[in-house]
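Visitor: Working from the sequences, and respecting the hints, build out all of it.
Protein chains in written order, with my numbering: chain D, 41 to 335; chain W, 5 to 178.
Hints in this document: simulated from the structure, not taken from any laboratory.
It is possible that part of the hints are untrue.
[Claimed, not checked] Only pairs whose alpha carbons sit at most 27 Å apart, straight line, appear in this in silico DSS-like list of lysine-lysine: (1) K79(D) / K104(W); (2) K86(D) / K156(W); (3) K143(D) / K102(D); (4) K99(D) / K128(W); (5) K104(W) / K86(D).
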Amino acid sequence: MPLQGNLRDFSTTQLLNLINLAGKTGTLVIFEGIKTNEKDAIGNVKQAAGAERARVAFKVGKLIGAQLGAQDGNLVSVLNKAGKLTDDQARIIRERAKNTSDKALALLLINANYVSQRDIVASVQQHTLDVVYNLLTWLESPFRFEDSLLPSADRILVPIDLENVIIEGARRIREIEQLTVHLPNLDMALKFPENPREKFKGIHLSVEEWRVVSFVNPRNTIRQIAKANNMSEIEIRRIVFGLEQAGLVEIVLPPGAAASQRTAPGNAANPQQVRAPNVERSVVERIINRLRSNG
Amino acid sequence: MVVTGPFSSGKTEFISSISEIDVVKTERSISSEAESKVKSETTVAMDFGRITVDDDLVLYLFGTPGQRRFDFMWEILAEGMLGFIVMVDSTKPETFREAKSILETFRAYAPTPFVVAANKQDLKDAWTIDDLRIALRIEDGVKLLPCVANDKESVKNVLLELLYSILEEMEKSS
Numbered sequence: 041m042p043l044q045g046n047l048r049d050f051s052t053t054q055l056l057n058l059i060n061l062a063g064k065t066g067t068l069v070i071f072e073g074i075k076t077n078e079k080d081a082i083g084n085v086k087q088a089a090g091a092e093r094a095r096v097a098f099k100v101g102k103l104i105g106a107q108l109g110a111q112d113g114n115l116v117s118v119l120n121k122a123g124k125l126t127d128d129q130a131r132i133i134r135e136r137a138k139n140t141s142d143k144a145l146a147l148l149l150i151n152a153n154y155v156s157q158r159d160i161v162a163s164v165q166q167h168t169l170d171v172v173y174n175l176l177t178w179l180e181s182p183f184r185f186e187d188s189l190l191p192s193a194d195r196i197l198v199p200i201d202l203e204n205v206i207i208e209g210a211r212r213i214r215e216i217e218q219l220t221v222h223l224p225n226l227d228m229a230l231k232f233p234e235n236p237r238e239k240f241k242g243i244h245l246s247v248e249e250w251r252v253v254s255f256v257n258p259r260n261t262i263r264q265i266a267k268a269n270n271m272s273e274i275e276i277r278r279i280v281f282g283l284e285q286a287g288l289v290e291i292v293l294p295p296g297a298a299a300s301q302r303t304a305p306g307n308a309a310n311p312q313q314v315r316a317p318n319v320e321r322s323v324v325e326r327i328i329n330r331l332r333s334n335g
Numbered sequence: 005m006v007v008t009g010p011f012s013s014g015k016t017e018f019i020s021s022i023s024e025i026d027v028v029k030t031e032r033s034i035s036s037e038a039e040s041k042v043k044s045e046t047t048v049a050m051d052f053g054r055i056t057v058d059d060d061l062v063l064y065l066f067g068t069p070g071q072r073r074f075d076f077m078w079e080i081l082a083e084g085m086l087g088f089i090v091m092v093d094s095t096k097p098e099t100f101r102e103a104k105s106i107l108e109t110f111r112a113y114a115p116t117p118f119v120v121a122a123n124k125q126d127l128k129d130a131w132t133i134d135d136l137r138i139a140l141r142i143e144d145g146v147k148l149l150p151c152v153a154n155d156k157e158s159v160k161n162v163l164l165e166l167l168y169s170i171l172e173e174m175e176k177s178s
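Guide: Here's what the structure looks like:
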């Protein structure tokens, strides 16, 4: 029977924990969610599975490979991303080894002294972890676990214990929660502080940070800046947090956009203990006999 | 005995399958658009079923309302219960969190034995018992039983397992 659902109900961290504890073998496929007209049992809009967003493979409860839907996850791209192959090297190898499997290509590259076996293992492992850490931040998406489905035999698979991935994932989720608390409303805007030239003097910013800075203007909301730069909510929150902490930008509250106070849902969290009945053993046995006899 | 669980987990059906009387239902038409897509009526106070054991012994089955807004009824129903059954719809992972929360709430009401019934195990989308145990974080010592609430034999099996747990508990404390 399939393991399927939506990440908003059963998070990636919970799924990894389940796969780890149950020692499962197979592939977790995560899809784009397509909204339907139906609602689920708790009133959320049901999502049908659309295009594939990611797939993550497991063997006996260990992570062995992962790939994002649109990403080219072949060995050349992985080594290029890890800085083990230059862009030119990657382009040439792609042209010359079009039909070569990852495993065969790995042997060729090792024999030609382009990379070591250790480089390959470390790069593939890091690529897998990057994909999984990325999808740990996805808050909703339909998923399905395909039992026993594994990547093709020509892929290089590096087994990774899930415990550390889960711990790191939980840490990142905490970071996201903290960032969300710090910047709950992405419809706020950014502006430069007084004397911005002074503040930016001698500061080294990453490419992504510069991209955000180039859009700083009280008329642009943070959400619009993220969209213009093709950044996720988490990425923009992280960058804005860093820029604000460094005093390079100020968050401007748009008129009438005061954060609403969140109220905790009503619950019966502190129930009073109620009286348990004083029942004799023979009474329970009589009920059992009655059910066994004719139901 | 009390049968509890999230909205639309199969509590009323469970009691109806085994009760010797027509279940006394307190169902009302569902006003919420979201919930009405799942079923047309829901329990607002309790369901009530009965199994006569002999001339002077009757087992009563009480089904709780599944929605949180009726949770004032839970404590009333928990008073004096012999044990309880937590129903979980195995095909609806969106209700697992609520099922776990209800389980913990009832556990806190009284230290009585309980079992978890994984309903709708006959459907192709049902999560397996092993996966449900991990998903709901149910300890190994707690019985998590496959169940089909409209199948009398399946319901009988869940009730018997709860009764065996009650007997074991009595033996431990005697």
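Visitor: Going through the numbered hints above, which ones does this structure break? Give me the numbers in ascending order.
Guide: Hint 2 alone not satisfied by this model.
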